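With mature numbering (1 follows the signal peptide of the UniProt record, and there is no 0) applied, the sequence shown corresponds to residues -17 to -1, 1 to 273, in that order.
Since the hints were made in silico from the structure, they are not lab data. Everything numeric in this text was worked out from a predicted model, so none of it was measured. Be aware that a few hints might be false.
To be verified - Within a straight-line C-alpha distance of at most 25 Å, the following computed PhoX-like cross-link-like pairs (lysine-lysine) qualify:
(1) Lys180 x Lys164
(2) Lys63 x Lys230
(3) Lys76 x Lys63
(4) Lys187 x Lys164
(5) Lys168 x Lys22
(6) Lys164 x Lys178
(7) Lys187 x Lys213
Said to hold, decoys possible - The following label-pair restraints were derived from C-beta to C-beta distances:
(8) Glu272 x Gly197: 39 to 47 Å
(9) Ala101 x Tyr198: 32 to 40 Å
(10) Leu199 x Ala153: 17 to 25 Å
Where is the CB? At the ideal position from N, CA and C, for every residue including glycine.
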Amino acid sequence: MCLKFIFILIFYYYCSSIWFNRDSCCVYGIPRKNAGCGKQHIPRNSRVVAGNDTFDGEFPWTVSVRRNGEHFCGGVIIAKRWILTAAHCVYNKSPASFMARIGEFHLNRQDHNSRDYAIEKIVIHNDYAGIVDSETGSKADIALLRTRQEIRFSEYAWPVCVPSSEISYAGQEAIVVGWGKRSEKSEAYSDILQKAKLSVVDNKKCQSWYRSSGYLFPIHDHLICAGYQKGGRDACHGDSGGPLLYKLADHWAVIGVVSTGVGCARPLLPGLYSRVSSYVDWIGRYLAER
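Please take these sequences and the hints and turn them into a complete structure.
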């Protein structure tokens, strides 16, 4: 454990100190000068009712990734000019066709706290093949978007933390956030940013559930499985690229990126997420760019 900690310190100094750590937890945020990553700045107010609606500013790192002006996928702020999303959202597409709307709450109108940022660069993981099949499953479905201008951080636009090491999270509660459809049969995306509490399922158990339902593609270690045996809660169409979040103390970390699944909220078929900790080194290489 001690040797691992020393290695992490050496690595972070090598990467021009773009990472920082909090001694009290196992979350590493990006970059060092934003040591408050994953912090919520707006307190919950009494107008929020029970249900899946978030309140404005509750998850200030959430991004509406828009293509040709329309919501296309989700994303999450991880640095001044970088957004994390899913590779399948941007694969073989031009950066010029995308923009990132940050500080968004209502999808169908631009809120006064939101701001649009042009995308100048798309970085897709080299191992992403552009397909999901029965042999490879969902592999390296992760991408980075670089904004043309620096993101103006505020209580409505703030970076989330990035996990530093491989943790299973099995049995832990996490939250998925997005504007996706409320159910498999819904015709429209949600107008208000939604959240759903999910249970992280052990990958072997998840694999057995999928196989019992007739789906054989492998659930590798680089995936996180989250949902319930009986279904009922899940990410859905329009949530792709959005974050699966885990809270440790008072900081939120993005532990997964919405990748794939079968339908929405079906029994024995939890959603599958790219495990962010599997790609931390890859992310760090690009965030070192100036």
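Status of the hints after comparison with the structure:
no. : hint                        : in the structure
1   : Lys180 x Lys164             : holds, 16 Å
2   : Lys63 x Lys230              : holds, 22 Å
3   : Lys76 x Lys63               : holds, 23 Å
4   : Lys187 x Lys164             : violated, 28 Å
5   : Lys168 x Lys22              : violated, 35 Å
6   : Lys164 x Lys178             : holds, 12 Å
7   : Lys187 x Lys213             : holds, 17 Å
8   : Glu272 x Gly197: 39 to 47 Å : holds, 44 Å
9   : Ala101 x Tyr198: 32 to 40 Å : holds, 39 Å
10  : Leu199 x Ala153: 17 to 25 Å : holds, 22 Å
When each numbered hint is compared with the structure, violations occur for hints 4, 5.
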